[in-house]
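Chemist: Residues per chain are reported as follows:
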Amino acid sequence: MPRPLISIGLVLVALTLVPIGCIYRARHSVKGQPRIQVVYDMDNQYYYKAQSADDFFADGRSMRTPVDGTVARGDLRAGDPFFRGRVEGDTTFVTEFPVTVDQDLMHRGQERFQIFCAPCHGLSGNGNGVVNIRATALAEGTWTPPSDLVGQSVVDRPVGHIYNTITHGIRNMPSYKNQIDPRDRWAIVAYVRALQLSRNASLADVPADDRAALENLGTR
Amino acid sequence: MTRNDNEFQDGTASGSGTTTTDKFVFPRWTNRLREISAVAALGGLVYAVVLVYGVFSPETSAMGYAPTQPVSYSHALHVGAMGIDCRYCHTSVETTAKANIPPTSTCMNCHSHVRTESPKLELVRKSAETGEPIPWVRVHDLPDFVYFNHAGHIQSGVGCVSCHGRIDRMEVVAQDKPLTMGWCLGCHRNPEPNLRPKEFVTDMTWQPPNGEDPADLGARLMKEHGIAPSTDCATCHR
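Line by line, the protein sequences are chains E and B. Under the numbering used here, the letters of the first sequence match residues 8 to 227, in that order. Under the numbering used here, the letters of the second sequence match residues 94 to 331, in that order.
Just so you know, the hints here were simulated from the structure itself, not pulled from any lab data. Do not rely on the hints blindly, as some may be mistaken.
Here are the computed lysine-lysine pairs in the DSSO-like style, where the Cα-Cα straight-line distance is at most 30 Å [said to hold, decoys possible]:
| hint | chain 1 | residue 1 | chain 2 | residue 2 |
| --- | --- | --- | --- | --- |
| 1 | B | 219 | B | 191 |
| 2 | E | 38 | B | 213 |
| 3 | B | 191 | B | 316 |
| 4 | E | 184 | B | 191 |
| 5 | E | 38 | E | 56 |
| 6 | E | 184 | E | 56 |
| 7 | E | 38 | B | 270 |
| 8 | E | 56 | B | 316 |
| 9 | B | 213 | E | 56 |
| 10 | E | 184 | B | 219 |
| 11 | E | 56 | B | 219 |
| 12 | E | 56 | B | 270 |
| 13 | E | 184 | B | 291 |
| 14 | E | 184 | B | 213 |
| 15 | B | 191 | E | 38 |
| 16 | B | 316 | E | 38 |
| 17 | E | 56 | B | 191 |
| 18 | B | 270 | B | 219 |
Here the structure is a predicted model, which means the values were calculated and not measured.
Let's have the full structure, built from the sequences with the hints guiding it.
Modeler: What follows is the structure, encoded as structure tokens:
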């Protein structure tokens with residue numbers, strides 16, 4: 008076989024490696040462009056999706072808020088104790104839970120507390136969560152350390168007051184009504200009460216059966 | 094070919110006066126031309142298949158998609174370093190089909206007090222002031238003829254990490270899995286290894302306790318909770 012032909016062949020074979028290299032690179036790197044759709048199919052259809060944008064409405068959002076003065080089915084917030092933490096028709100805070108406090112509610116409260124409250128107030132409720140640690144480390148001027156939820160001032164507060172604080176916020180704490188459902192707020196209040204109890208308890212308060220386990224924990 | 098011409102000019106053709114001077118003779122290597130072209134054609138075909146597969150496979154085209162977001166929010170910092178739960182921001186993930194992008198007010202829960210001067214948060218502050226949404230770019234986008242429900246998966250105990258990868262390590266969120274129909278079906282047909290107790294769904298590093306095989310635990314959970322993923326067409330194409 009003549010030499011030039013062999014060279015041409017080798018060059019061609021070498022060139023075929025270039026696209027392979029490109030593919031390898033594409034598979035092992037992050038890219039800023041979405042995938043190229045050769046066949047468009049029906050991937051993008053003209054209907055409103057959650058949180059999508061659209062020019063039809065003045066505010067550019069496809070999701071609409073309820074018309075003023077209307078309430079969606081199941082959204083009626085009737086009952087001051089449950090929804091506002093206050094005595095029916097009054098402004099005083101309720102001192103009794105308007106929900107049944109049981110183990111399920113407690114577990115729910117623990118989970119919700121750890122999601123929504125612990126970032127600032129800490130897992131034990133003492134006010135030293137990760138956000139507080141970071142804000143203090145960054146020496147943020149406007150940062151006020153979160154309240155100690157297991158301290159006497161919160162222990163003394165009626166449950167309705169704590170519920171109200173979650174709903175509307177207090178001082179630097181923002182409102183959590185959009186992130187936490189009313190029932191979950193009560194679950195959190197119940198868990199805060201449990202935390203307070205645990206932080207201010209003595210060994211004598213622990214049921215006899217569990218006492219031994221706790222004592223072992225201490226000596227380990 | 095030029096070599097043959099030369100041979101005639103330099104050697105045999107000189108002075109003989111024959112009429113065969115312009116007769117073309119194939120060089121000896123062309124005897125193998127058939128085999129050579131067969132090998133080349135076969136190689137070309139294989140190459141074409143590899144190329145098409147390589148270019149169009151979702152591992153190449155879709156995985157690793159990491160668009161630049163309007164605000165350089167870092168999941169690595171908020172989730173990885175600080176340990177904030179996914180659900181603090183993506184509140185609707187347990188109860189609705191869609192895992193919501195948090196409203197600006199959620200950012201401002203902390204950032205009205207922390208890093209209030211940061212230029213990175215300029216757009217967030219502006220959004221909070223004007224009510225104008227932040228134009229986040231969607232990363233995980235299934236075709237519109239596919240129905241996917243986050244709540245159903247979370248309630249069954251499919252961890253976030255199974256589909257989204259190690260978000261807690263991502264400075265910029267990238268698509269980590271192919272999100273193709275074949276990939277979905279892979280898990281729907283064999284869900285055991287991807288199931289965990291519901292309370293650990295957002296844990297990015299969760300492993301079954303005591304070194305248990307995830308598939309064994311998954312099988313137990315399926316029985317306990319009656320989890321039976323469907324592979325009917327109409328489950329996702331509805």
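Chemist: Now tell me if each hint is right for this structure.
Modeler: Here is what the structure says about each hint:
Restraint check: the Cα-Cα separation between residue 219 of chain B and residue 191 of chain B comes to about 26 Å, which is no more than 30 Å; the hinted pair holds. For the hint pairing residue 38 of chain E with residue 213 of chain B, the CA-to-CA distance comes to about 22 Å; that is within 30 Å, so the pair holds. Annotation: proposed proximity of residue 191 of chain B to residue 316 of chain B holds, straight-line Cα distance about 27 Å (limit 30 Å). The straight-line distance between the Cα atoms of residue 184 of chain E and residue 191 of chain B is roughly 20 Å, inside the 30 Å bound, and the hint therefore holds.
Proximity of residue 38 of chain E to residue 56 of chain E is assessed by CA-CA distance (about 25 Å); at most 30 Å being required, the pair is judged to hold. At roughly 24 Å between alpha-carbon atoms, residue 184 of chain E and residue 56 of chain E fall within 30 Å of each other, so this suggested pair holds. Simply put, residue 38 of chain E and residue 270 of chain B have alpha-carbon atoms about 14 Å apart, close enough for the 30 Å limit, and the pair holds. Annotation: proposed proximity of residue 56 of chain E to residue 316 of chain B is violated, straight-line Cα distance about 35 Å (limit 30 Å).
For the suggested pair residue 213 of chain B and residue 56 of chain E, the alpha carbons sit about 29 Å apart, so the restraint of at most 30 Å is met. Simply put, residue 184 of chain E and residue 219 of chain B have alpha-carbon atoms about 23 Å apart, close enough for the 30 Å limit, and the pair holds. Taking the CA atoms of residue 56 of chain E and residue 219 of chain B, the gap is about 25 Å. The hint holds against a cut of 30 Å. Proximity of residue 56 of chain E to residue 270 of chain B is assessed by CA-CA distance (about 22 Å); at most 30 Å being required, the pair is judged to hold.
Note on residue 184 of chain E and residue 291 of chain B: the hinted pairing holds, with a Cα-Cα distance of about 24 Å set against a maximum of 30 Å. Taking the CA atoms of residue 184 of chain E and residue 213 of chain B, the gap is near 27 Å; set against the 30 Å cutoff, the hint holds. For the proposed pair residue 191 of chain B and residue 38 of chain E, the alpha carbon gap of about 25 Å is at most 30 Å, so the pair holds. Among the hinted pairs, residue 316 of chain B with residue 38 of chain E is inconsistent with the structure: their alpha-carbon atoms are about 41 Å apart, more than 30 Å.
Pair hint residue 56 of chain E plus residue 191 of chain B holds up; C-alpha atoms about 10 Å apart against a cutoff of 30 Å. With a CA separation close to 34 Å, the supplied pair residue 270 of chain B and residue 219 of chain B exceeds the 30 Å bound.
In terms of the numbered hints stated before, the structure departs from hints 8, 16 and 18, listed from lowest to highest.
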